[in-house]
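Asks: Given the structure of chain A, go ahead and fit chain B onto it with the hints provided.
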Amino acid sequence: MSLLRNIASGLRSLFRKERVNQELDEELSGFLEMAAEEKMKQGMSRKDALRAVRLERGNLEVTKGVVRSVGWESVVEGFWRDVRFGVRSLRKSPGFSAVVVLTLTLGIGANTAIFTLLNAVMLESLPVPNPAQLYRLGDNNNCCVMTGTQNDGSFVLYSYSLYEFLRDHTPEFEQLAAFESYTADLSVRGPRDSAAEPYKGELVSGNYFQMLGVHASAGRLLTPADDSRSAPRMAVMSYRTWQQRFARDPAAVGSRLSIDGTSYIIAGVAAPEFYGDTLRSDPPDFWLPLVWEPEQWRLQSTEVEWLYLVGRLKPEFAPESVQARLTVALQQWLASHRDVIPQRDWDEIPRQHVRLTPAARGVEQLQTDYALALRLLATLSALLLLIACANIANLLLARGSANQSQTAVRLALGGTRGRLIRQSLTESVLLAVAGGVMGLYVAYAGSQALLLLAFRGAHYVPISVRPSVPVLLFAVTLSLATGIVFGIAPAWMASRSNPADALRGAGRAKGERSSTLQKSLIVVQVALSIVLLAGAGLLTKSLRNLEGQHFGFVTDGRLIVSLINPEAAGYTDEKLPALYQRLGTALPQIPGVLSVSLSTYSPLEGNNWNEYVYIEGKRPDYSETPPSWLRVGPHYFETIGTRLLQGRAIDERDIPAATHVAVINDTFARRFFPNENPIGQHFGMRDERHRADYEIVGIVEDAKYQDTRGPAYATFFLPLLQVPSGEPLRGWVSAIEFHVAGRPENIEPVLRQSIAAVDPNLTILKVQSFGEQVALNFNQERLIARLTELFGLLALILACLGLYGLTAYAVARRTNEFGIRMALGANRRNVLGLVLRATLAHLGLGLAIGIPAALAGGHLLAHQLYGVKSYDPAIFGAAALVLAASATFAASVPARRATRVDPIVALRYE
Amino acid sequence: MAEKPSDLVQGTLDMLILKTLELEPMHGYGIAVRLEQMSKGVFRLNAGSLFVAFQRLQRAGLIRSEWKATENSRRAKYYLLTDQGRKRLNNETREWGRQVAAIARILEAS
Chain A
1 MSLLRNIASG LRSLFRKERV NQELDEELSG FLEMAAEEKM KQGMSRKDAL RAVRLERGNL
61 EVTKGVVRSV GWESVVEGFW RDVRFGVRSL RKSPGFSAVV VLTLTLGIGA NTAIFTLLNA
121 VMLESLPVPN PAQLYRLGDN NNCCVMTGTQ NDGSFVLYSY SLYEFLRDHT PEFEQLAAFE
181 SYTADLSVRG PRDSAAEPYK GELVSGNYFQ MLGVHASAGR LLTPADDSRS APRMAVMSYR
241 TWQQRFARDP AAVGSRLSID GTSYIIAGVA APEFYGDTLR SDPPDFWLPL VWEPEQWRLQ
301 STEVEWLYLV GRLKPEFAPE SVQARLTVAL QQWLASHRDV IPQRDWDEIP RQHVRLTPAA
361 RGVEQLQTDY ALALRLLATL SALLLLIACA NIANLLLARG SANQSQTAVR LALGGTRGRL
421 IRQSLTESVL LAVAGGVMGL YVAYAGSQAL LLLAFRGAHY VPISVRPSVP VLLFAVTLSL
481 ATGIVFGIAP AWMASRSNPA DALRGAGRAK GERSSTLQKS LIVVQVALSI VLLAGAGLLT
541 KSLRNLEGQH FGFVTDGRLI VSLINPEAAG YTDEKLPALY QRLGTALPQI PGVLSVSLST
601 YSPLEGNNWN EYVYIEGKRP DYSETPPSWL RVGPHYFETI GTRLLQGRAI DERDIPAATH
661 VAVINDTFAR RFFPNENPIG QHFGMRDERH RADYEIVGIV EDAKYQDTRG PAYATFFLPL
721 LQVPSGEPLR GWVSAIEFHV AGRPENIEPV LRQSIAAVDP NLTILKVQSF GEQVALNFNQ
781 ERLIARLTEL FGLLALILAC LGLYGLTAYA VARRTNEFGI RMALGANRRN VLGLVLRATL
841 AHLGLGLAIG IPAALAGGHL LAHQLYGVKS YDPAIFGAAA LVLAASATFA ASVPARRATR
901 VDPIVALRYE
Chain B
1 MAEKPSDLVQ GTLDMLILKT LELEPMHGYG IAVRLEQMSK GVFRLNAGSL FVAFQRLQRA
61 GLIRSEWKAT ENSRRAKYYL LTDQGRKRLN NETREWGRQV AAIARILEAS
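Residue numbers (my numbering), protein chains in the order written: chain A, 1 to 910; chain B, 1 to 110.
Isolated chain A (complex conformation) (with noise of 0.2 Å):
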């Protein structure tokens, strides 16, 4: 009751201001009157009387201050005055405001930018209701499709037999669903289309959305009746591709599809937001039950393991008690199918467990692929808003100390110095918020870059850069923030002075104290550039390795194309022979083709098949990776460039009935033969029955398939259709390599027809350079090095800045000195080193401070750098001089000024 007449009495003094100060004048004259009258009644003249009330009461213009400063309103009236006053005094040096706005906008931007998608990938969870009840059954990202026990035991990747069996014996989850690891590009072709299209699918269990609990935009999505062999085929599709392929017609549910050459009815479409159980880029765009599995043998083998799982835990359930009840079936699962793990593999059973983790925010694939790099970035991107705030504490303490005979006047006059500070404070506040909200401009537009560069090569990425309301409290907080950091000193020093002192030297005298915080800080600042500049020099010189080694095949002129399984298109393994015989004879033919080959997959395309093998003569050796291999066409290795070093390449004598032969790399050869010519020895896969089944007729160089850092992994390449008798084919091509005269983008479309001629079915999911494809294995390094050369080239902008400011302002503070000097006889020379010799100490003690810093940041980022040193002297050496350099010329500019000062004008300056 009291607290809102309070309020309402205080919001009618604001807005009906006029009005309440004319009552009180009214009434505190009429309380001077009516005494008065009383004086005067006691003889006193009128005069008299009021001047001994005044004396008797107070004055009534310091009283009517007094009554007014009573209430809660007076301080929202006050810092309104100070927020005016602010403003009115930043546009009186438009210059100097448009510097710290710019500064800020660029550094709350940045920070900002890098937020958002920290917020995106790091933070945010699902769009499910109740995100938090869901657990994932593994806490790794082991893909795709393995038998045997798990790494260190944890058991990540599921056959369909164990989910059942999990899923039946755990009462504790709502629903345990179960989802392919990777999503599968799948072949779709509508009724009245031309050509099918390359699309992305997921094949999930039937209670995968009522497990998430996402709701349908259109028709309906999967239920658990729909993932039966004897139900129709249904399928769900993807918010955005019914938006971008069927314009949200609501006749597409219902409609049928064909997706690799089977016919699907569209069940329903899934809701906007939902983008699956990974936040990845590419995400699925249908999503089908776990029953069509198209090769059937991942399904019904209880030996193969390929699903994840998450659950939707009942709240009264502790995630710790049935993680234990989940090993404990695991256990008893494994115990009763010993047959279908490998013997290699039994020492292992006992270890395997379950880790249960939190899958609110699905399975975090990008979380633990860009958790580094973006908290690196987020790193970098705050020491570059330190760097902005200590130019601007800089610039501000120079203005101060400008406006101290102000500060004197306002402090002789009766204004205390925690009225200073908050009037200090509040200018610096204003400008950090017109640099926040400019800064959220910078980081809409910075974010949507970041996505670019960190996802190129991906047509769609579900990460929002739209100001969500975190990244708004994010920019505001971190304004307000930088406000006060770089406002505290400033406004403290200001607050400080001595108003005798400063009115006494007429601007003359100043406090050195205030000098010696600007000196640290613009030494803070070198230091961290040093650090910013050192940084970028190494993951620049580091990508440069990267992009730049020799790889054991060559990118110029070559092309590849990737295919969707020619499985999708119908072919069988006795058709394919002839197929892939029309693609060797017609691609060839394309004006300005070198040479052509096919493959199962192409180098660094991010594909890799392993397999332990078995040579003649030989025990079978567990202990290391089981070396890569795949099958490629004739004139595979001089299409990519990778050399022979001994024997024969596959050529076109390698028929299903000529002798099968193998090639290995340098790796296999050196790993399984160290001290014999392995051409002619034997080799098989699967197990010892298998150890004669190819013969090595030829070594190649090492090349890198996988991964682009550690060295090239053992690897055997086998004919495309020379398959042990009585097994199946295993590894289909799906990627074709060119290599072309001129420029490889030239020759795409040609291409496409070509490989349309020989079948329109064959769906090609991309056609790239083969540089681009080496490239794209470097998004996250790009991001980085790009990212902090950025910041690099800022922070030397800024540290120039700060010392030119610094010098600028010491010549000017020092005109009459320099005068003095001169009519004495120093000439230019003297006092430009004078000038100079400040400022290079300024410097050379930001060095000694940054580099062993810089030193000290370059140890963190040694595991991210390829081919340079933590301490590469070379750019070390490189960034201390560019920084010195810039910084010296900033300097030399007000430095030169000072050599002109006219003795006479610098002796009546005052």
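Rather than coming from a laboratory, the hints here were simulated on the basis of the structure.
Don't take every hint at face value.
[Said to hold, decoys possible] Derived DEER-like restraints, expressed as beta-carbon distance ranges:
id	chain 1	residue 1	chain 2	residue 2	range
1	A	Ser405	B	Pro25	31 to 41 Å
2	B	Trp67	A	Leu11	50 to 60 Å
3	A	Ala412	B	Lys40	40 to 50 Å
4	B	Pro25	A	Ala412	38 to 48 Å
5	A	Gly65	B	Gly41	21 to 31 Å
6	B	Glu66	A	Pro470	48 to 58 Å
7	A	Gly43	B	Glu22	30 to 40 Å
8	A	Pro470	B	Glu95	51 to 61 Å
9	A	Ser468	B	Glu95	51 to 61 Å
10	A	Ser69	B	Lys68	22 to 32 Å
Positions of the beta carbon are idealized from the N, C-alpha and C atoms, including for glycine.
Replies: Chain B only, in chain A's frame:
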């Protein structure tokens, strides 16, 4: 810069103002004069403390004000005790009595 009355004075001043208003509504000057008369000149109040106190009491809902004509047909703001103010005055008077008695006992004992 505004001289702050000590806590005791501040609290007491509020109570005294309420007391002067107990009988009839009064304007600011009237209250000042009445307080001086009743205290036999011990309290000579400056306008600042007085009007700040009015403002404070009004916000707390203990008094309210209205504009009326004085006996000299001048317009003045009259302050009135509210029910709440009356209750507070009674409580404070009682509390004051208790405290004074207690303090007196202590002072006499020593």
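Asks: Determine for every hint whether it applies to the structure shown.
Replies: Okay, the hints, checked on the actual structure:
1. A:Ser405 x B:Pro25: 31 to 41 Å: At roughly 53 Å between Cβ atoms, B:Pro25 and A:Ser405 fall outside 31 to 41 Å, so the hint is violated.
2. B:Trp67 x A:Leu11: 50 to 60 Å: 21 Å, violated
3. A:Ala412 x B:Lys40: 40 to 50 Å: At 42 Å between Cβs, range holds.
4. B:Pro25 x A:Ala412: 38 to 48 Å: Since the Cβ atoms of B:Pro25 and A:Ala412 sit about 45 Å apart, the hinted range of 38 to 48 Å holds.
5. A:Gly65 x B:Gly41: 21 to 31 Å: Distance hint for A:Gly65, B:Gly41 holds at roughly 28 Å.
6. B:Glu66 x A:Pro470: 48 to 58 Å: 52 Å, holds
7. A:Gly43 x B:Glu22: 30 to 40 Å: Between A:Gly43 and B:Glu22, where Cβ atoms are some 34 Å apart, the hint holds.
8. A:Pro470 x B:Glu95: 51 to 61 Å: 52 Å, holds
9. A:Ser468 x B:Glu95: 51 to 61 Å: 56 Å, holds
10. A:Ser69 x B:Lys68: 22 to 32 Å: The hint (22 to 32 Å, Cβ to Cβ) holds, given that A:Ser69 and B:Lys68 are roughly 28 Å apart.
Comparing the model with each numbered hint stated earlier shows that hints 1 and 2 do not hold.
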